Amino acid sequence: MSRGLKLTDVLVTIVISIVFGIVYKLWGPLYYLVKPFGIQLDQLIYGMWFIAAIVAFLIIRKPGVALLAEIAASSGEFLLGSEFGLEVLLYGVVQGLFAEIVFMAARYKRFDVAIVSFAALSSGVGSLIFDYYKGYIGDLAVWNLSLMVGFRLIGSILIAGVGGYYLVKALEATGVTNLVRPTTKQDYDALDQ
Amino acid sequence: MNLDLTIKKTWLYKINPSLKLLVMVLLFIGVLFVHQLNMIVYGTLSALLLLILFSGHPPKRLALLSIPFIIVFVSTASSMILFGKGDTTWFKWGLIHITEESFYRGIHLGFRALVFATLGLTFSLTTRPVYLFYSLMQQVKLNPKYAYSFMAGFRLIPIMIEEFQTIRNAMVVRGVQQQKGIRSFYFKLKSYSIPLLSQSIRRAHRIAVAMEAKRFSEVKKRTFYYKIGFSGYDVVFIVSWVFLIGAAYYLSLNVPILPTGDVRYE
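Chains A and B, in that order, give the protein sequences. Numbering follows my numbering, with no gaps: position 4 of the first sequence is 98. Numbering follows my numbering, with no gaps: position 143 of the second sequence is 211.
Some clues are possibly wrong.
Partial list, derived from the structure: chain B residues whose beta carbon lies under 8 Å from chain A [what the hints assert, rightly or not]:
# : residue
1 : K153
2 : W158
3 : F159
4 : S192
5 : A220
6 : I275
Hints are computed from structural coordinates only; laboratory data are not their basis. Nothing here was measured: the structure is a model prediction, and the numbers come from that model. By construction, the Cβ of each residue, glycine as well, lies at the ideal position given by its N, Cα and C atoms.
Construct the complete structure from the given sequences, taking the supplied hints into account.
Shown next, in the form of structure tokens:
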């Protein structure tokens, strides 16, 4: 049983991610419509931009999938002509990498709601680090910055973490995930009976 | 995506796509180190100049595509203008505190967003995704497994949109009741995303099986339908950016538009 990504894994990951890429693209205008209110309410919905990594990882369950999914989703968003332009690509790489690190730390063996929430939180932290350099967020008034960080992290856990987890739960009910998941020990045991 | 509407193929279309992407990413990273407001204003003007003169699209369409830029500019700038740190107060009302420093920093951020958006639009208007992935395979040695998956994925977008409409029509025909508020949002999310995602997974799986059945493999030596190399236009592209950046730097020092330098708060 090889651990590497096969063509099926790559293709399924990328196609799922492109679905999310379209969602990411549509999420942009929504985000910018909420943003001018100023009290950082927009940050509550920021978490949607981390969901591709979580969902793809929960479906395929292999190393590298989270990073690939986030890169694919962001390049889909980019090639569809995102109003954020180039930055989505680099944010995608950073966010995917931060989610991947969490899954790697769990040795790709945990698929529960806690670990995916943690991965979503990690993506959120990654995006904030990038924002520190790109958006001078360190120069915001302290109360405003705290709201921003708090809202973004809460939003990422709720939307990408918990939301992504239950989305995959609902997908499992359709049986479609059995097509692409690697065989487990239980599958072999079931054959022996 | 809008390439079917292309009217004129300018020299920007003939640049090696990998090189174009690399230059754009380098420019992006470079912009992160620009803290002088005037420099970024001139830099944005350079990028806009390139877009308007050489994208090959009529000005009307470019204007239409640029509408979101204005929204992005305003909303990126607004948070920093209203709530940024600064010492020279211009206006204070409740939590809103506009200072000279925060104002210029906000404008700087707006221009940053604008230059990223302009570069991104220039790239996506003048690059065919298929050429980009063929070029990445040939020049950057991207594994064909990834490149072909991306190309297949992009081809599925119209089918996804069709499927979305089918689901919507099916719900109308069957008289699905519209709920209100947050519950309707949740219901809609679930009734669209699950069928769309599950069908996409099934389709992707079938395509992968079919590709392998047709002997798609990862042999090192493979031939390409589109051969993409380098040309004189690549040199023109690099030279013109060196010139534009140089001009922006010179103008920002000698003909400043706005009366401020470094926008960071000490």
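(message) A closest beta-carbon separation below 8 Å is what the hint needs, so does B/I275 meet it against chain A?
(response) holds (6 Å)
(request) Tell me if B/F159 is really an interface residue toward chain A, meaning its C-beta lies closer than 8 Å to one of theirs. (result) violated (14 Å)
(message) Checking hints one by one. Is B/A220 an interface residue toward chain A, by the C-beta closer than 8 Å rule?
(response) This interface hint holds because 6 Å falls under the 8 Å limit.
(message) Does B/K153 hold up as a contact with chain A if the rule is Cβ-Cβ below 8 Å?
(response) holds (5 Å)
(message) Just to be careful: measuring from the Cβ of B/S192 to every Cβ in chain A, is the smallest value less than 8 Å?
(response) B/S192 check passes; min Cβ-Cβ to chain A is 5 Å, inside 8 Å.
(request) Grab the minimum C-beta distance from B/W158 to chain A and call the hint holds if it beats 8 Å, violated otherwise. (result) Violated - the Cβ of B/W158 stays beyond 8 Å from chain A, reaching only about 15 Å at its closest.
Consistency note: the structure conflicts with the earlier hints numbered 2, 3.
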